[in-house]
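Chemist: So the sequence lines, in the order shown, correspond to chains Z and G. The C-terminal position of the first sequence is numbered 827 in UniProt numbering, with every residue numbered one higher than the one before it. The C-terminal position of the second sequence is numbered 177 in UniProt numbering, with every residue numbered one higher than the one before it.
Please keep in mind that the hints were generated in silico from the structure rather than gathered at the bench. Note that CB positions come from ideal geometry on N, CA and C, so glycine has one too. Treat the hints loosely; a few may be bogus.
Among chain Z residues calculated to face chain G with C-beta under 7 angstroms, some are [as the list claims (entries may be wrong)]:
(1) N40
(2) E221
(3) T722
(4) P743
(5) N746
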Amino acid sequence: MSKSDRTPDDIAEKRNKPPAEETEDGEFEVIGKNIDRVENPRLLTGRGEYIDDVQLANMGHAAVLRSPHAHARIVDIDTSEAEQLDGVDLVLTGEEAAEKTGPLPTFSSPPVEQYCIAKDRVRHVGEAVVAVVADDRYVAEDALERIDVEYEQLPAVTDAREALESEGEEVLHPDREDGHDSNVYLQNTFTAGDPDDEFADADVVVSRELRWPRSGGQPMETVGAVAEYDEGTGKFTIHANTSMYNYMGWLIATTLGVSTNKINIVPKIAGGSFGSKLFAHKVSTLAATLAREAGRPVKFIEDRVDNITSCDNHGSDRYYRPAELALDEDGTMRALRIDVLDDYGAYFQFEVGHHGNAMAQVTGPYTIESIDYSVTAVATNKSQQGAYRGFGSEVQNFVLERLIDAAADELEMDPVELRRENFIQPEEFPYKIPSGNMYDSGDYEAVLEETLELANYEEWREKQADAREDGRHIGIGVVTCQERSVFSSTEFWFWNDDPDFPITSSPESASVKIDETGQAIVTLHSPFWGNSPETVATQIVAEELAMDPENIEVNYADTDSGLKGTGPGGSRYTVMVSGALEGATSQIQEKMFTIAADMLEAAQEDLELEEGEIRVRGAPDKSVGIPEIAMQAHAFELDMPDGVGSGLAADHTYDHPYTTMPDEDREDMGVFYPIMGHMCHIPVIEVDVETGKIEFLDYTAVHDCGTVVNPETLKGHITGGTAQGIGTALYEEYQYQPDGQLPTDNYHDYPLPTFHDVPDDYTIGHVETPSPWTEYGIKGGGEGGRMGAPPAIAAAIEDALEPYDVSIDELPVTPKRVRELIRTDEE
Amino acid sequence: MTSDTIEPESITITINGEEYEREVEPRRLLSDFIREDVGLTGTHVGCEHGACGTCNVLMDGQTVRSCLTFAVQADGAEIETVESLGTVDDMHPIQEAFHENHGLQCGFCTPGMLLSTKELLEENPDPDREAIKEALGANVCRCTGYAPIIESVEAAAERIQAPAEAEGEELSTAGDD
Ligand code: FES
Ligand code: FES
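Next up, chain Z with everything else stripped away, as it sits in the complex (with noise of 0.2 angstroms):
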């Protein structure tokens, strides 16, 4: 059997555990319920610890010099006024700290070459230069005033369809191995099934040049580190708030040059990240080096300007040239045909790893059957991609729904119909589209049906015909998206013919210790960014081993004391993470229930744990709790049977649950993103057509992330990814001007959304079709709002627009591009 065709219960198999809809569910006595988030009190209290408030003795400020130029050769640096000033510590350039720290990781290959602080040359306004330790941030920042820096401009390139033509010195790693002295990193296609058939014998082809704005995650909190390093035992302490610290953090080691036990990264809390702190490797790079230069421990926070400048996490930037559905008359899909050219910036850290997981959902919730997906990377003088909640795949969803609202337009269809009419059924699954990946299962009539109730579609469609009379212009957007969930590394590489790393592991680890008065201890693995990480530990360890939450206590490892765990993102940590509480806990119970049998003098069959203890079934009086079992198993070894021993602690490293290699010649990439979410979003919109603001009049989301955990968190990951989705949709983007200049690098440039410019409520409905792979039958639900808003929002508006002949083809939709479009049809 390939492994590609492995069914439900193949799966268990390997597991060892019958698939989740076999076992309890519907069963569940806390996962499901809302119990209060357990981050919330010191949170709420001032009593959080984030990354800036780590303070160590001694300890030194950092700021950075940053280029000022978008492309420029570094002729030279002259720090030495800077280094008279008092409570100067260090000034540190590029060259010197290349000196022992060498080039980020990538997982470019060829590798993009990129330092903590740029050498020779700088490629993006905002590049780090020069970096200064001294004894306050005051003094710091004082110094980099007083550093002079000589450069040599080079011709910048920040269009990406020019990019393509560059040459000469326009090229941004000219010495690139194997670099064809071109700005393009990378060109690939992949096609699967027939889509030039298709195309060729279908009834209706629409198309759209497609526009996707680069916009970015922009937590309230920065990236920063605290570093410190021990010159007696050659070892580092990295602060920070990146998440995959356990994943990857073990690269920064070999950045500094050092063994990878001498260094220990320990978690702070996160003020958000929406992807944005996936790595943030440059910034506890930094701080290190700083850090062994300086000889004290060294902070460096980033300010905003800092991180929108440089932090490396500015979500996609693509063009569509085009992107092509072809249909049958009836309205059957047949075949997608997308050519996306994506402007990466000036380095290449994910590769086109966004591009994989577009894959993983490339055809939507729809029987499409061919595809042809070609992918052009460029660089150019911006500041690198990152991840951005849905890691490009909510373009996907975008392309894919304008271009299902561009047929029905055409063929003069129902905009829901024609989905309805294209929906992979409940029994087909689970369903292989053609990149390769599978969907696990999904009932996607019924969260359309379960939307346009709740939504009450037809009242407002009869409201806006009567709007439309009165001359007001109301628009209704209805979408029917993805949200793949819990990613398998593969998608990192498998674009490329020849990757370097083609890494495939993506596991999360949990441990749980029961001490000597019953008391839980749950350790995590990968850190707190916003989610509620210790909410969900709480409630399937309550679930597990029947206890109080109350005596549940979880906390985050080090990388010292770490197990792999690769974090949140790509909403794979709560399914994750239960999973591997689940190990944990099995093991638990398993010793627990051998002590309770010998202290009851029972068999083990007639036990069951219940309510804090274990009881005999039928005997309700001879029970023993979990206290007394942890004093036994922790203090009386010699009152225990034979070979049991002391302790009551388990680890567990919990595997993806299905994933498969891509096939070497690419034919097919594989399982890599196989637990699938879904969501329909109905906004109602009313567009004031004389000054092209955008207000909500209602908002309707239903999601189906398999079983939920916490509805309550939940919901605020919808409401929250939604708002995103919004900005995305109407105000954000970096805004880069053709020298490379950003003026959008505040927040009084860049319009975040705030509360006058979202819905003030939502109504969010869940459908659950559990998966049938995860423990419990959990999916992801964390980048969901964001991922269904952005084409829910531009269909509303192209709605609301119909008496104008007008195709909403580009995000964001500002007022001013509103007034545009409507002065351009009235032309």
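Dock chain G with the ligands against the given chain Z, drawing on the hints supplied.
Modeler: Quick look at chain G with the ligands alone, frame taken from chain Z:
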């Protein structure tokens, strides 16, 4: 060696009822004074240029951006920070309302939101949605999508107005002033 520093001035600021007398440079920000000199790290800095409200504190009862205020400007003033509200075991009704209505996720914007809410409810104990949006409109939250914060503020108003009825639980008003 040279120096850009300017002669420090002596100031006295009362923070959460405690008096702090310090020598500070005139350019020192109130946010740094609170966080670093006094060590109250509950006040967070999101943008450092006055655009997000994360750093809001109450100065003589009015919210100010502590990242745009110099410590010397607060000489003689009474400052309230998030630490003046409740504690983990004894939360202020506004904190309780945010807790129960999921008015936070990462918690970074939260201190500013709580203090802006306190200012609002002291002026207008029963605000409608528009008044809430108006009062909190210059505070940015990137996590929640705002609707849960609006619900939290409504719930806080109810709790403060009719503490006995809200949630029907025993309620603490400790930390309230
Ligand atoms: S940190 Fe002061 S307003 Fe943003
Ligand atoms: S809770 Fe994270 S920014 Fe508001």
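Chemist: Quick check: which numbered hints come out false for this structure?
Modeler: 4
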